[in-house]
Amino acid sequence: MKIREVHKNDFTISTNKNKLDVESIHKFLANETDWANGIPIHTLKTSIENSLNFGVYYKNKQIGFARIISDFSTIAYLGDVYILKEYRGKGLSKWLMNEITEHPNLQGLRRWILLTDTAEWLYKKYGFTALPNPQLYMEKHNPNVYNGMDQTKANNAENSYS
Numbered sequence: 000m001k002i003r004e005v006h007k008n009d010f011t012i013s014t015n016k017n018k019l020d021v022e023s024i025h026k027f028l029a030n031e032t033d034w035a036n037g038i039p040i041h042t043l044k045t046s047i048e049n050s051l052n053f054g055v056y057y058k059n060k061q062i063g064f065a066r067i068i069s070d071f072s073t074i075a076y077l078g079d080v081y082i083l084k085e086y087r088g089k090g091l092s093k094w095l096m097n098e099i100t101e102h103p104n105l106q107g108l109r110r111w112i113l114l115t116d117t118a119e120w121l122y123k124k125y126g127f128t129a130l131p132n133p134q135l136y137m138e139k140h141n142p143n144v145y146n147g148m149d150q151t152k153a154n155n156a157e158n159s160y161s
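Sequential numbering from 0 applies to the sequence shown in numbering that gives the first Met the number 0.
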């Protein structure tokens, strides 16, 4: 997939995986979020390897991130979206969402999915709504996966893909 990079003043959004500061992303996700609290770094590396990633940078410093899991044909799952607190209020999350939703490989999808309990106002601007028929959706949730119980191969450092 072709790398995309866009610039506004000293800010950049890039899909280049090699540019990502994985340590910085890990620090934020593992310590500052509810959804990925305690995520092992090898799990994060595997998720990055298997996703379309959007890094947000001020000069060359990683200040935000989002990733898409998709078949690029019918569905996309948006996850791990963040902008560091000190850079919020500058329109970066809107710019990031524009870049994601306008990405050429993500056009014509039948469904986009995300799980969120924050920034609902932002996602609504991009067409996300509450589930119209939640009774039609199911999930298999493993809340203990990051703390050593019920590990998958990706969550087990000995069997990591990285």
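Simulated from the structure, these hints should not be mistaken for laboratory data. None of these values were measured; they are calculated from a predicted model. Glycine is no exception: its CB is placed at the ideal position from the N, C-alpha and C atoms. Treat the hints with caution; some may be incorrect.
Said to hold, decoys possible - Here are the simulated PhoX-like cross-link-like pairs (lysine-lysine), alpha carbons at most 20 Å apart as the crow flies:
1) Lys7 with Lys60
2) Lys60 with Lys44
3) Lys58 with Lys89
Stated by the list, open to error - If you anchor each label on the Cβ, the simulated ranges turn out as follows:
4) Glu85 with Met137: 18 to 26 Å
5) Glu31 with Asn141: 16 to 24 Å
6) Arg110 with Asn8: 16 to 24 Å
7) Met0 with Asn143: 30 to 38 Å
8) Gln134 with Thr73: 19 to 27 Å
9) Glu101 with Asn49: 21 to 29 Å
10) Thr115 with Tyr86: 14 to 22 Å
11) Thr115 with Val5: 35 to 43 Å
12) Ile2 with Leu135: 31 to 39 Å
13) Asn49 with Lys124: 22 to 30 Å
14) Asp116 with Lys1: 32 to 40 Å
15) Gln134 with Lys1: 36 to 44 Å
Evaluation of the provided hints:
1. Lys7 with Lys60: holds, 14 Å
2. Lys60 with Lys44: Distance ~19 Å between Lys60 and Lys44 Cα, so the pair holds.
3. Lys58 with Lys89: holds, 15 Å
4. Glu85 with Met137: 18 to 26 Å: violated, 39 Å
5. Glu31 with Asn141: 16 to 24 Å: holds, 21 Å
6. Arg110 with Asn8: 16 to 24 Å: Check failed, 34 Å falls outside 16 to 24 Å.
7. Met0 with Asn143: 30 to 38 Å: At 34 Å between Cβs, range holds.
8. Gln134 with Thr73: 19 to 27 Å: holds, 22 Å
9. Glu101 with Asn49: 21 to 29 Å: Holds, at about 22 Å.
10. Thr115 with Tyr86: 14 to 22 Å: Since the Cβ atoms of Thr115 and Tyr86 sit about 19 Å apart, the hinted range of 14 to 22 Å holds.
11. Thr115 with Val5: 35 to 43 Å: Since the Cβ atoms of Thr115 and Val5 sit about 24 Å apart, the hinted range of 35 to 43 Å is violated.
12. Ile2 with Leu135: 31 to 39 Å: For Ile2 and Leu135 the Cβ distance comes to about 37 Å; the hint holds.
13. Asn49 with Lys124: 22 to 30 Å: holds, 28 Å
14. Asp116 with Lys1: 32 to 40 Å: Holds, since Asp116 and Lys1 (Cβ atoms, about 34 Å apart) stay within the stated range.
15. Gln134 with Lys1: 36 to 44 Å: holds, 40 Å
Consistency note: the structure conflicts with the earlier hints numbered 4, 6, 11.
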